[in-house]
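Engineer: Taken in sequence, the protein lines are chains A and B. Residues 1 to 338, numbered by the numbering used here, are exactly what the first sequence covers, in order. Residues 1001 to 1388, numbered by the numbering used here, are exactly what the second sequence covers, in order.
Do not take every clue at face value.
Straight-line alpha carbon distances no greater than 25 Å define the calculated DSS-like cross-link-like pairs of lysine-lysine that follow [said to hold, decoys possible]: (1) B:K1215 <-> B:K1201; (2) B:K1215 <-> B:K1082; (3) A:K124 <-> B:K1201; (4) A:K124 <-> B:K1009; (5) B:K1201 <-> B:K1009; (6) B:K1178 <-> B:K1082.
Simulated from the structure, these hints should not be mistaken for lab results.
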Amino acid sequence: MDAIFLQVLNGLDKGGAYALIALGLTLVFGTLGVVNFAHGALFMLGAFCAVSVQSILTISQKVRDESITFFEAYKEIPYLEIWWGETGSIIIDYAVPISIVVAIPVMLLIGLAMERGLIRHFYKRTHAEQILVTFGLAIVVQEIIKANFGANPIPVPAPDIVSGSANIGTWLGMSDTIVYPWWRLIYFVFSLTVIAAVFAFLQLTTFGMVVRAGMRNREMVGLLGIDIQRKFTIVFGLGAVVAGVAGAMYTPMLPPDYHMGMDFLVLSFVVVVVGGMGSLGGAVAAGFLLGLLQSFAAMNEIKSLIPGIDQIIIYLVAVIIILVRPRGLFGREGVMED
Amino acid sequence: MMKQTSATKDLIIMLVFIAAVLTAPIWLTPIGANYPDLLQKFAIYGIFAIGFNILFGLTGYLSFGHAVFLGIGSYAAVWSFKLLTMNILPAILFAVMWSGLFSVILGYISLRRSGIYFSILTLAFAQMSYNLAYSVLTPITNGETGLQLRLADPRYIDNMFTKAVSEGIPSTNLFGIKMSGYSGFYFCAVVLIICFWISLKIFRSPFGLTLSGIKSNQHRMKYTGFNPRPYLLAAFVISGMYAGLAGALLAVTDPLAGAERMQWTASGEVVLMTILGGLGTLIGPVIGAGVIKYFENIFSSIGDQNLFEMLSWLPEGMQSIVAYVISPFVGSGWHLTLGLVFMLIVIFLPGGLVSGFSKLASTFRPKKKTPQPVASTVSNASGTKEGE
């Protein structure tokens, strides 16, 4: 029982990441009809927003280390600590939360630039060509990051106060062996918040209403005198922001490297297909579902039953879903069917 | 009459291709690509891309999992070296057989869906194979280290004839001819020529026409009474076997096999090659493979130092500026150049380099007829590159 509960917890944060990426992917696909293979790169860019924020905050001055007297030793002290003392070090400690604030406008700009500069020229081209050009773009983005940050993963620690683990077991009156890292709990809550925000935006605002109408019938909305293209551009930016903040928040769990986008891309496409192309709720549900399945498959009991299942479970589920129910779990009729 | 001219044209294409491939060590010398390892790679990845083109170019089914067959080919070949003999013929035979078998299975399942669903299915299979090769299948694939030859390998057939005089691991051979250096290249070149010939025959055959019919309108093909599925499966299996053959040749020239050959980015690479050269053209994939492997090996070896030397003909101040501008694009950044070139090709030249060449050629040639649209490059434009 405890083990099962622990696996549920383990699946939630990964599921949250999958859900967020797949949500952005589906948003872009549902509105613009573009298959965006560069979406993983946006996730990666978000993560590197966090890296940049951290490295900007910790720009340091070399000062003489007074504690060592018998030779000239130097240590690096961040300017923030020199200027503001204790407050400065707290700011540095909170690099990741701060990077969320930074990542939102940055990712919005990147998203808008991407849509304006490249994606919009590919609306009329085939899906294969969209895949290819965004795949090329993903390589380019990835290489730019590699040129600037190097090829090694860069650790970005979470704030000190949440670096430990939460005793969830004792809270719920279960065994106290159930501990769970704070940050992963935060990530789960965070992903739920972002998902709720996106849905609220689409359901409760006029803008969202127009976008939803445009997803159903683009021509009709255009005929009503609404510049649906402009709205969709903003939606693309929104998708980029969702991917970006998902990436930025993910950094304490997985030190980002330039390649992480590609790894997540494949998974998130699988998630989108399982959830149903063009279905936002489906993407979220499938994200969590696959996250949970993956963590259950990683249990030793199941691994000894079916060796290797933890490596392939997600893809296996995807294959079965595509074959048995090509529309995905919640897919609408007539999306990407020929 | 028409038949006659196209047959002679094919003959000319074949002759030019044979000449170009066999003289490659000569005409590649000026651009610094004349060393056997690289030449072998040109030929091997040329085969891989030709095979991929039979599927993607003719039927329009974009597979993101073809590297699986490359990997299977390599593993099968290395196992043949380990268990049977260092002669390469059984290795190649096994590799093609195994990759064919796997492509029948994967193709049968994946081809139930089309469009992006097909791509995702192949992608999923590729990731599954890659992950399994890394983890549970370690007894067969030797996991992360990769499958290597050992001195203690049984090599049953070899040992039947010659009692082991063990001084090191024997090298791969074709009835005694060692498959390294230029002999390795010429073997690969001959295989490449045969593969090209088969691909030419497929393009010209009713089978090839059926495949392009499926590409342009599958529904209409169905209405005329064709069942496209067997044709698609045949194309898938043929291209899978090409990939297996390429994998076997990789093992022939360098007998080890690793799981990273199956990763989906490796499948992405062959997509890049095909698109770059010219999708659906005969010669395009070979050119694309050559260009990418050239970039990978030559561009990546340009470091900051020899970049400076290469630019020494520039005036003093210019030199460092130009070097500064270029340096992110060469050396370890060659992927950046590749990505940019690829994007430019997809955006501006959807027909790939081959269509670029034929466009160029048609602007310089006196206009006799209107230039043919890209879609029909299947039959034309093939000879142009070799004439360059």
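Engineer: Now look at each hint and say whether the structure bears it out.
Structural biologist: Now the hints, each set against the structure:
A hinted pair counts as satisfied when its Cα atoms are at most 25 Å apart, and B:K1215 with B:K1201 qualifies at roughly 18 Å. About 42 Å separates the Cα atoms of B:K1215 and B:K1082, which puts this hinted pair outside 25 Å; it is violated. Taken as a hint, the A:K124 and B:K1201 pair is broken in the structure, with Cα atoms around 34 Å apart against an allowance of 25 Å. With a C-alpha separation of about 36 Å, the suggested pair A:K124 and B:K1009 falls outside the 25 Å cut-off, and the hint is violated.
Using a Cα cut-off of 25 Å, the hinted pair B:K1201 and B:K1009 holds, with the two alpha carbons roughly 13 Å apart. At roughly 17 Å between alpha-carbon atoms, B:K1178 and B:K1082 fall within 25 Å of each other, so this suggested pair holds.
Of the numbered hints stated above, those contradicted by the structure are hints 2, 3, 4, listed in ascending order.
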